[in-house]
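Peer 1: Given the coordinates of chain A, work out where chain B should sit on it, guided by the hints.
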Amino acid sequence: MIAFLANPQRFMALSAWATPLLGAIAVLLFAIGVPWALFVAPADYQQGESARIMFVHVPASWWALMIYAFMGVTSLVGLVWRHALADVAARAAAPIGATLAGLSLVTGSIWGAPTWGTWWEWDGRLTSMLVLFIVYLGYIALWAAIEDETKAARLAAILCLAGLVNLPIVHFSVTWWSTLHQPASVFRAGGPAIDRSMLWPLFVMALAYLALFGALLLCGMRAIIYRRRAQAAIARRARSA
Amino acid sequence: MRHDVWSYVIAAFAVSGAALSVLTVVVFAHLRHWAQRARDEEAR
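The listed protein sequences derive, respectively, from chains A and B.
Residue 8 is where the first sequence starts when you use the working numbering, and the numbers rise one by one after that.
Residue 1484 is where the second sequence starts when you use the working numbering, and the numbers rise one by one after that.
Some hints could be false.
What the hints assert, rightly or not - Simulated restraints, written as ranges between beta carbons of each label pair:
{"#": "1", "chain 1": "A", "residue 1": "Ile39", "chain 2": "B", "residue 2": "Ala1494", "range": "15 to 25 Å"}
{"#": "2", "chain 1": "A", "residue 1": "Pro42", "chain 2": "B", "residue 2": "Ser1490", "range": "13 to 23 Å"}
{"#": "3", "chain 1": "A", "residue 1": "Val47", "chain 2": "B", "residue 2": "Asp1523", "range": "22 to 32 Å"}
{"#": "4", "chain 1": "B", "residue 1": "His1516", "chain 2": "A", "residue 2": "Phe210", "range": "31 to 41 Å"}
As the list claims (entries may be wrong) - Reference listing, derived: stretches of chain B covered by chain A, where coverage requires no fewer than 3 residues with Cβ under 8 Å from a Cβ of chain A:
{"#": "5", "stretch": "1489-1495"}
{"#": "6", "stretch": "1498-1504"}
{"#": "7", "stretch": "1515-1521"}
Read the hints as simulated data drawn from the structure, not as lab findings.
C-beta atoms are modelled at their ideal positions from N, C-alpha and C, and glycine is treated no differently.
Chain A extracted, bound-state conformation (with noise of 0.2 Å):
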């Protein structure tokens, strides 16, 4: 599958299908989520209506970790292999991840002031996260600052593998240090400890996440190869004059 896609070709008659069918399945997703999380869903016993911020924080943090790892085997199967899509894929994938990490402080915030009765506090989980933010940032930054796209491709890989540290870090964060934060209470060693009436909708939202997310991917990833068709253009043009 993955040869296969090596050829931009493909990959755009692909996506052009593959598109839309994402988007739609993100709508009926949401449309389906939402509405079971505030009204459906109940109130935890012990933070009450408090908790329904859990299913737009938790998936917002599950996909910017997840989405980071996909950055880190996309850096290296483009670093290694030189796949003519994977630095590609990374490119587009970064600022999908950054909004999610920032979303996962925005509403973690929003979800601590009336739980913890503070918006930020400089503990394990919490800054972490803010550091994958920043690195996701520094990623974006260092493609828009390069105008040679191998050059670019090639640093941006190698910094983004480096910042692959960070993902255990923000993940055992809360049993490695003294943290406001709960511990996991999905996936975690004895099964999830969230009752099956939240444990749906969470998951309905987090597939919703997903689905958005290929959707974005994939335009991203369009973008970007229609841009270098361009330039590519742009260049015969001055070449042949």
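Peer 2: Chain B in isolation, oriented as in the chain A frame:
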């Protein structure tokens, strides 16, 4: 008190919806711009 907590919940959902909507619009606008530009440059 109940109203206060709901205002935080609504704020979190509104911020998320707004940010994801803006991101979607920007990504689509970027795609439309470069698709048109590529067509124009290749047609010249």
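Peer 1: Please go over all the hints and tell whether each is borne out by the structure.
Peer 2: How the hints compare with the structure:
For isoleucine 39 (chain A) and alanine 1494 (chain B), the Cβ-Cβ distance of about 22 Å falls inside the hinted range of 15 to 25 Å, so the restraint holds. Separated by about 19 Å at the C-beta atoms, proline 42 (chain A) and serine 1490 (chain B) satisfy the suggested range of 13 to 23 Å. A hinted range of 22 to 32 Å for the beta carbons of valine 47 (chain A) and aspartate 1523 (chain B) is inconsistent with their spacing of about 49 Å. For the pair histidine 1516 (chain B) and phenylalanine 210 (chain A), the beta carbons lie near 36 Å from each other, so the given range of 31 to 41 Å is met.
With 5 residues having a beta carbon nearer than 8 Å to a beta carbon of chain A, the stretch 1489-1495 of chain B meets the requirement of three or more and the stated coverage holds. Residue count for the stretch 1498-1504 of chain B with a Cβ under 8 Å from a Cβ of chain A: 4. That meets the three needed, and the coverage hint holds. With 5 residues carrying a beta carbon less than 8 Å from a beta carbon of chain A, the stretch 1515-1521 of chain B meets the three-residue requirement, and the given coverage holds.
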